[in-house]
Amino acid sequence: MDRRKAMRIADGEAPETALDPRLAAEVKAFRDLSEEIRAAATPRREAPDFEAFFRAVEARYEETRTASPEKGWARWWKALRERPLWWMAPVGAAIAAAALLALTAPGDRAPDNTCFVDSYDLDRGSVVIDQDLDDPSRATVIWFLEEG
Amino acid sequence: MHRRRIGAWVFAAAAALVLAASAMPRSAAAGPRAEVTLTVILARREPPKLHPGLQKMWDTLRRSFGDKFASFDLAGETSRRLAEGERVESVLPNGDRFAAVFQGVTEEKGLLRIHLEMGEFRTKVRVHDGGVFFQAGRRHGDATVLIGVRAALVP
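Chains as they are written, first to last, in the numbering used here: chain A, 1 to 148; chain B, 1 to 155.
Treat the hints loosely; a few may be bogus.
[To be verified] Cβ-Cβ distance ranges computed for the label pairs, FRET-style:
(1) A30/B x P84/A: 41 to 47 angstroms
(2) D135/A x E46/B: 21 to 27 angstroms
(3) K56/B x A74/A: 49 to 55 angstroms
(4) W86/A x E35/B: 41 to 47 angstroms
(5) E108/B x D134/A: 18 to 24 angstroms
(6) G72/A x G104/B: 56 to 62 angstroms
(7) L85/A x G110/B: 38 to 44 angstroms
(8) K78/A x G104/B: 55 to 61 angstroms
(9) G125/A x K56/B: 29 to 35 angstroms
(10) F11/B x D49/A: 47 to 53 angstroms
(11) D135/A x E120/B: 29 to 35 angstroms
(12) L85/A x E89/B: 54 to 60 angstroms
(13) W58/B x W143/A: 16 to 22 angstroms
(14) G141/B x A94/A: 57 to 63 angstroms
No lab work stands behind these hints, which were simulated from the structure alone. Just so it is clear, CB atoms sit at the ideal spot from N, CA and C, and this is done for glycine as well.
Construct the complete structure from the given sequences, taking the supplied hints into account.
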């Protein structure tokens, strides 16, 4: 009964006169509780401190970045070691292509000047074929010698 | 991981095929074409001379004519890319016309068939790709006319 009365007094519904100490303490406790509930239920008016949030994120990022021992080429090297197909596949393709080129391209070899004279036709004069079939670098000469 | 590995090998095979296709000779589809060059040279016993335009042929000239001539003058050079049956002609210093006709490539060894025509003189030869041979014997003043014929397949 005293607690209900104390609640009514704390809410201002009953007059606050001639309270005994126990009732006064109850009223005070209810008032404190009401104040706490009101404070918790009332939304904050100030904006959250995003600046502090981003400062903290940047500080963490910088700390992680400088602490990492693998930077630049080291990171690439580690990635290549962990995934050998990244370099094995293109290198294999390049070797295969180079082998095909070497087999199909003529290259810089000395030309083979071997010449096969199948036939000749002339009304007058004579023809002499000067060639050395043992030396393919030597060019064949077809001498056409006119009469007289 | 397994699918990624298969993908990498497929990529490698495709890259190799593309590179190989680009390296293959392209003459198969359109028929062979040859670049035939006629080099007209006036050769004399002396004085020793080599025309600057003949420097690239010096080794061939020395091996073929070194015991006969010491002076080599360039009288003219004509070059043409020929399809089968086409000809390249050159007028010699004595007024004669000299022609080389590309007659295709032999199936077995890939030799280039060349027919030569000069007045009533005709001859048929087969040469290797890039090979050089000479026709010689006509006189012009105190010089002997040498005609170098170089035939090379055009990729």
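Given the hint of 49 to 55 angstroms, check if K56/B and A74/A actually sit that far apart at their C-beta atoms. Because 52 angstroms falls inside the window, the suggested range holds.
Holds or violated: the 18 to 24 angstroms window for the beta-carbon distance between E108/B and D134/A? Between E108/B and D134/A, where Cβ atoms are some 22 angstroms apart, the hint holds.
Lying within 41 to 47 angstroms: is that true of the beta-carbon distance A30/B to P84/A? holds, 42 angstroms
L85/A versus G110/B beta-carbon gap, inside 38 to 44 angstroms or not: Since L85/A and G110/B have Cβ atoms about 40 angstroms apart, the given range 38 to 44 angstroms holds.
Does the Cβ distance between G125/A and K56/B fall inside 29 to 35 angstroms? Holds, at about 31 angstroms.
Using the Cβ atoms, figure out if L85/A sits within 54 to 60 angstroms of E89/B. holds, 59 angstroms
C-beta pair F11/B, D49/A: status relative to the range 47 to 53 angstroms that was hinted: The hinted range 47 to 53 angstroms holds for F11/B and D49/A, with Cβ atoms some 51 angstroms apart.
Pairwise beta carbon distance, W86/A to E35/B, judged against the given window 41 to 47 angstroms: Given about 43 angstroms between the Cβ atoms, the range holds.
With respect to the beta-carbon atoms only, verify the hint that D135/A and E46/B lie 21 to 27 angstroms apart. Between D135/A and E46/B, where Cβ atoms are some 26 angstroms apart, the hint holds.
So the hint says 55 to 61 angstroms: do the beta-carbon atoms of K78/A and G104/B match that? Distance hint for K78/A, G104/B holds at roughly 59 angstroms.
Distance restraint evaluation - G141/B, A94/A, Cβ atoms, bounds 57 to 63 angstroms: Distance hint for G141/B, A94/A holds at roughly 58 angstroms.
Please test the hint of 29 to 35 angstroms on the beta carbon pair from D135/A and E120/B. Because 32 angstroms falls inside the window, the suggested range holds.
Violated hints are absent here; each numbered hint is respected by the structure.
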